[in-house]
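Asks: Input sequences plus hints: build the corresponding full structure.
So you can see what is in the structure, the chains are spelled out below.
2 protein chains.
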Amino acid sequence: MSEINSIGVVTPKTAHFNEALTLKSGDILPEFDLIYETYGELNADKSNAVLICHALSGTHHVAGKHSSEDKHPGWWDNLIGPGKPLDTNKFFVIGLNNLGGCHGSSGPSSINQATGKPYGATFPIVTVEDWVNSQAMLADYLGVKQFAAVVGGSLGGMQALQWSIAYPERIQHALVIASSPNLTAQNMGFNEVARQAIMTDPEFYDGNYYEHNAIPRRGLRIARMLGHITYLSDDAMGEKFGRRIKDQIKYSFDVEFEVESYLRYQADKFADSFDANSYIRMTRALDYYDPALDFDGDLTKALAHVKAKFLVLSFTSDWRFSPERSKEIVKALLDNERTVSYAEVTAAHGHDAFLMEDAHYHAILRSYFNKIDFSKGEG
Amino acid sequence: MSEINSIGVVTPKTAHFNEALTLKSGDILPEFDLIYETYGELNADKSNAVLICHALSGTHHVAGKHSSEDKHPGWWDNLIGPGKPLDTNKFFVIGLNNLGGCHGSSGPSSINQATGKPYGATFPIVTVEDWVNSQAMLADYLGVKQFAAVVGGSLGGMQALQWSIAYPERIQHALVIASSPNLTAQNMGFNEVARQAIMTDPEFYDGNYYEHNAIPRRGLRIARMLGHITYLSDDAMGEKFGRRIKDQIKYSFDVEFEVESYLRYQADKFADSFDANSYIRMTRALDYYDPALDFDGDLTKALAHVKAKFLVLSFTSDWRFSPERSKEIVKALLDNERTVSYAEVTAAHGHDAFLMEDAHYHAILRSYFNKIDFSKGEG
Chain E
8 MSEINSIGVV TPKTAHFNEA LTLKSGDILP EFDLIYETYG ELNADKSNAV LICHALSGTH
68 HVAGKHSSED KHPGWWDNLI GPGKPLDTNK FFVIGLNNLG GCHGSSGPSS INQATGKPYG
128 ATFPIVTVED WVNSQAMLAD YLGVKQFAAV VGGSLGGMQA LQWSIAYPER IQHALVIASS
188 PNLTAQNMGF NEVARQAIMT DPEFYDGNYY EHNAIPRRGL RIARMLGHIT YLSDDAMGEK
248 FGRRIKDQIK YSFDVEFEVE SYLRYQADKF ADSFDANSYI RMTRALDYYD PALDFDGDLT
308 KALAHVKAKF LVLSFTSDWR FSPERSKEIV KALLDNERTV SYAEVTAAHG HDAFLMEDAH
368 YHAILRSYFN KIDFSKGEG
Chain A
8 MSEINSIGVV TPKTAHFNEA LTLKSGDILP EFDLIYETYG ELNADKSNAV LICHALSGTH
68 HVAGKHSSED KHPGWWDNLI GPGKPLDTNK FFVIGLNNLG GCHGSSGPSS INQATGKPYG
128 ATFPIVTVED WVNSQAMLAD YLGVKQFAAV VGGSLGGMQA LQWSIAYPER IQHALVIASS
188 PNLTAQNMGF NEVARQAIMT DPEFYDGNYY EHNAIPRRGL RIARMLGHIT YLSDDAMGEK
248 FGRRIKDQIK YSFDVEFEVE SYLRYQADKF ADSFDANSYI RMTRALDYYD PALDFDGDLT
308 KALAHVKAKF LVLSFTSDWR FSPERSKEIV KALLDNERTV SYAEVTAAHG HDAFLMEDAH
368 YHAILRSYFN KIDFSKGEG
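So the sequence lines, in the order shown, correspond to chains E and A. So the first sequence is numbered by the numbering used here: it starts at 8 and just counts up by one. So the second sequence is numbered by the numbering used here: it starts at 8 and just counts up by one.
Note that these hints are calculated values from the structure, not bench results. Don't take every hint at face value.
In silico DSS-like cross-links for lysine-lysine, where the CA-CA straight-line distance does not exceed 25 Å [claimed, not checked]: (1) A:K378 x A:K314; (2) E:K31 x A:K257; (3) A:K31 x E:K257; (4) E:K247 x A:K334; (5) A:K31 x E:K253; (6) A:K53 x A:K378; (7) A:K78 x A:K247; (8) A:K53 x E:K334; (9) A:K97 x A:K20; (10) E:K31 x A:K253.
Replies: Okay, structure coming up:
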C-alpha cells in the first residue's frame, strides 16, 4: 500500500541563514544551515503547509525515497503521501533536520566557518525552544506565515506544543503524539545513562573525536540498545523475541538469545550512522524542555496564550511517554477552554507505536487531517 | 527499631570444599570456598535453619554488623534479628555469597590454586541450579538435612524456587519474593546492555583485567546506573528526585538535575566495590534460569515434584519482576495442588521494595515465619 501511494523520489534542499540565532543558553549561532524536504505543493495563499518535527534520532527525510533504488523510505512514509492519512494532494508537508543534528543541518559534525574545523564540543546546546525559533525562520524563508498544522511524536510532539506557545498566530493545529509536557525523572535517568556511556567512552575525547579520527562507538552502541528496549513494551519484546535461543546454549557471553542478537545488530548499525555529539545534545533538549517551569510548574498558565486546536494522542503500552503525561496537556488546554481532541490508542508496541502503521491510529490522523479546512482561513 | 533488635557484631566464616562440583555447563570446579554468616542458634534436631539467597549484587552479609563502628549493617538487616519478622530467637539463619561472586566465595577474582593467578575469564559460568547444588553442600557441611525455609528476593527467589525443585525433601517452605520463573525479553535486554557496557570497556581486557591492574569502571558505572533506574518505579523516582535542578541550569553536560547527581554517585560507589566478571556472570545466571524449558515451557510440569509450601510475594510497582510473573508460579503450584500463599503488596518503590521496611510487607513475612512449626517435623 505504501508503494502505491508513495511520494516517489525526493531531493533534500538546504537553506542557509546568515542571521544570527540567539539560543536559550545565551549562546549565539552567527549563521547556520537547515536541510529540509518538501512533499506536495504549497497552494497560492500558502495556507496548506504542515511542518513535521522529528524525535531523538529522526531526520529531514520524512517520506519518499532518495532514489528509485532506495530501499529505505523516509521515517514517516507510512503516514505521508498522496492518499495517505496526511495527504500530499491536499497539504504541502515540510520535514527538516533540527539544529545540532547530524544529517545536514548545522551541528557538531559541521564545519565551523570561523575555524575551518568541525564544531565538535564547541557546538552549543540547542533546546526545543531554539528549534522552534529556527523552524520559524525556515517558515519565513519558504513564505509560510501560518502552518495548517505542526505535527510531531515524542520529542517532535514537544516541538509542536512549543510552536503553539511561542507562535500562537502561526499555527492552526498542533498534533502532539506520544509526547509529554516534560520528562519524568526516570526518563532523564535513561538519558543520563546514554550520555555517560558516550562521554566516558575513551574515543569521545571530550567531544573532539573528529580530529582524532575516532568514533565513540561503544557509547553509541549502549545508548542505542537502551533506547531500543525502552521504546518497546515488555509485551512487544516478548512477542518479538520471547526467550528464543539463537542456536543452542553455549554458557558463554556470546549471543545466546535472539534478543541479544537483535540489540547488538541495532547497536552496530546506529554507531556507524549517528553522531555522538548530536545524540547527547538531543537528549539534553529532551531533559530541559519544561514550559511550565517559568510558571511555578503550572502547565495551565504556560498554555494560557495558545490559540491552536489540538490533537493529543497516546498509546496504551508507551511507558516512557505514558497516556497520563498526554492527559496533563489535555487538562491544561481544557482549563484554558481550548479546542482539543484526545485519543488513547490501544497498541502493543510501546513508544515506537507512533511510527507504525496501526489502522486505528492512522484512521484517527486521517480523519483529523481531513477536517482541517485551511481554505476558510480557519483559526 | 532496627538498632534495638540488631544481631550485633557478626563474623563471616569460610567453608572449603575439596569435592568437585560439576556445573550445568559441563565445566567442573575441582574445589571451592563458600563464605557465609549465621545468625541465631541451630537447635538440637537441626530443624530451624533458614537459608537466605541473595540477588544480583548481594553478599553473605545479610544482617548484623562487622564491627561495633560499622555503619552499614547487612542488606536484609531490617528483616532478620531478635524479634524481627525473621526472628533469630527462633530460627538459625544462614547467608552466603554465591559462587562466582566477589565477596569471599570462589569467583573470577579468586586465586586459581592451579595457576597461582586470579581465575579471571576462566572462571566458569555458574547457574541458579549450580548455586543451589553448592548451597546443598554447605547445608551438609553445617549438618542441616532440611531447611525450615529457603528465602530470596529477585534472583534469590529463583534460588528458593529451584531448591523446591532440586531438593524437594530438603525444604519445608520456599519464600519467593519479587521474583519470576524466568526473565522476560525486556529483562534479558537490560542485562545485555549492562554486559555489553562492561565487556566493551577497553579496561575489561576480555575479563583478564586483574593482570593489567585495570578495572572496567566505565562499564560497571553504566551497569549500575541502569540497574538503579529499573529497580525503582517511575513514580518512586518522581517522588525522590522529580525534575529538581541541582544548582542552576548551565546548559552543559555536567550534572544539571538531582537524579543525575544520584546516579553518578551510585555508579562510582559500585565501580569501586564490585567485580565486573562477577556482575556479568550473575546476569547470565538470571538469563539462563528457566525451569520450564525442559518441559516444553510448561511450568506446571516443572513443579510437579515440589513438596515445599510456598509464600509467593510481589509488589504492585515492580515492573522488572511484575506481579503477573509471580502469579505464574502460583498458578503452576495450584495446578499441582500444592500449598501456596500469595500476597501482592501495594508499594511505590518498584523492584527495590523487597529490600525495604514496608509495614504491610514485613507483617506478612512475620506472620508467615511465625506459623512455621519445625518442632512437629512439619512437611
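Asks: Take the hints in turn and mark each one as holding or not.
Replies: Against the structure, the hints:
no.	hint	in the structure
1	A:K378 x A:K314	holds, 17 Å
2	E:K31 x A:K257	holds, 11 Å
3	A:K31 x E:K257	holds, 11 Å
4	E:K247 x A:K334	holds, 23 Å
5	A:K31 x E:K253	holds, 19 Å
6	A:K53 x A:K378	holds, 18 Å
7	A:K78 x A:K247	holds, 23 Å
8	A:K53 x E:K334	violated, 59 Å
9	A:K97 x A:K20	holds, 22 Å
10	E:K31 x A:K253	holds, 19 Å
The structure does not agree with numbered hint 8 stated previously, though it agrees with all others.
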